[in-house]
Amino acid sequence: MDARRGRRPLRALMPTPGQRVMVRYLLPAGSSHPMTDVLGILESVDPVAVRAEDGTVTTVESSQVVALKAIPPRPVSRAAVRNLEHAAALAWPGLEQEWLGGWLLRAGAGFTLRANSAVPLQGPATIDAVEHVRAWYADRGLPARFQLPDRLPAPSLPGWELVNETLVLTADTAALAGAPVTVTAAPQDEWLAGYHRGDTLPAEGPAVLSAVLDGELGFGQIAQDGEVRAIARAAVTSAPDGTRWLGLTAVEVAPSARRQGLGTRICAGLAAWGLEHGAQKMYLQVAADNDAALVLCERLGLTTHHRYRYATER
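For the sequence shown, my numbering assigns the number 14 to the initial residue and increments by one for each residue that follows.
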């Protein structure tokens, strides 16, 4: 029986570009087998293009596809979590850093949890290290705080509170790259005017936003009618395994310009910028209760890599 008979329209079966998929497709007449499979990240749907782990792209005409389905992401290892967290820490390092027994301590004058927390990048923290962390932050007038990613060794912190669950979502940069947007090396006044966290940006805010260790920064924006309507911050840093990661943060769309696709456009434009700077992979860190941001990530095809929480003293 013709493998193509009785199938539903292919378009109805299509997963979202950026997802991990399995594609079964027909081979040319005279091949040793009638059909074969390919696993990888879906890059386009017409024709169907799938990028395998080795970077090879297989392109198949829709009429030759027998089956196409999304499959769960490959299980994430402890090493993969540590590598990504290392790149992310370099991308948002605060204003002052100190290494302590495999932990990177960051201080950024209290602006953002990420820039004012200790993250495990090489090993677990001992009881002595916990006390050192507490003293280090106290010297700077800050509370001691640990960022605790899934699957990485965590210190024993009885009586501490776990807060701000955050999802780290990832995708292949090439799968999301779109039309270029305006990118500057530093945040301009109009960019800063579009950056809101519920409060007035503190004096140290621009310096924290502009900090990066061993990486490249880009501040993207989209203007309409002479006014900036969407912004995002992009940082390209390297993990210890050599992977170049693009981290997108501060993705903001003006309330008056929402539901116009500008969030998607600014992320796609900065993905293109990241590709130019050698970033093979990209990530966003999104609060678990930020439904709007999670919908945007799903639309872009990002999938959950791991989660982290902050441990803070009550």
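Derived from the structure by calculation, the hints contain no laboratory data. If you're wondering where the values come from, they're calculated on a predicted model, not measured in any experiment. Treat the hints with care, since some could be wrong.
Claimed, not checked - Per label pair, the in silico range of CB-to-CB distance:
# : residue 1 : residue 2 : range
1 : ASP59     : ARG327    : 16 to 22 Å
2 : GLY172    : LEU113    : 20 to 26 Å
3 : GLU203    : ARG153    : 50 to 56 Å
4 : LEU175    : GLY115    : 16 to 22 Å
5 : GLY172    : GLN237    : 48 to 54 Å
Each residue gets a CB set at the ideal place from its N, CA and C atoms; glycine is no exception.
Outcome of range test on Cβ distance (ASP59, ARG327; 16 to 22 Å): At 55 Å between Cβs, range violated.
ARG153 and GLU203 - C-beta distance against the hinted 50 to 56 Å: Hint violated: Cβ distance 32 Å, outside 50 to 56 Å.
Outcome of range test on Cβ distance (GLY172, LEU113; 20 to 26 Å): 21 Å Cβ-Cβ, so the 20 to 26 Å window holds.
Distance restraint evaluation - LEU175, GLY115, Cβ atoms, bounds 16 to 22 Å: Taking Cβ atoms as reference, LEU175 and GLY115 lie about 21 Å apart, which means the hint holds.
48 to 54 Å as the expected CB spacing between GLN237 and GLY172, which holds or is violated: holds, 50 Å
Figure legend: structure checked against the earlier numbered hints; hints not met, in rising order: 1 and 3.
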